[in-house]
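Q: Sequence:
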Amino acid sequence: MRELNITISRPELEQRYTNYILICLFFLFLFLLLIYFISLKIYLLI
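Residues in the sequence shown are numbered from 2 upward in steps of one, following the numbering used here.
Think of the hints as simulated: they come from the structure by calculation, not from any bench.
None of the values given here were measured: they were computed from a predicted structure.
Cβ pair distances, simulated, as ranges:
#1 L23 <-> L45: 28 to 36 Å
#2 L34 <-> L14: 29 to 37 Å
#3 E13 <-> L45: 46 to 54 Å
#4 F38 <-> E13: 35 to 43 Å
#5 L45 <-> Y21: 33 to 41 Å
#6 Q16 <-> K42: 33 to 41 Å
#7 L46 <-> Q16: 44 to 52 Å
#8 L46 <-> E15: 45 to 53 Å
From the three backbone atoms N, C-alpha and C, an ideal C-beta is built for every residue, glycine too.
My request is simple: use the sequences and hints to build the entire structure.
A: Dropping the structure here:
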């Protein structure tokens, strides 16, 4: 019974980690986009 619990919880853990990785990548993408727009505005102002 204890071994069964381990095998059940492992995929959930992997799923959780992939979700965190996806969220981190998404925020990184937004951050880069923000930097891009700010630099574009500065470039246009000059």
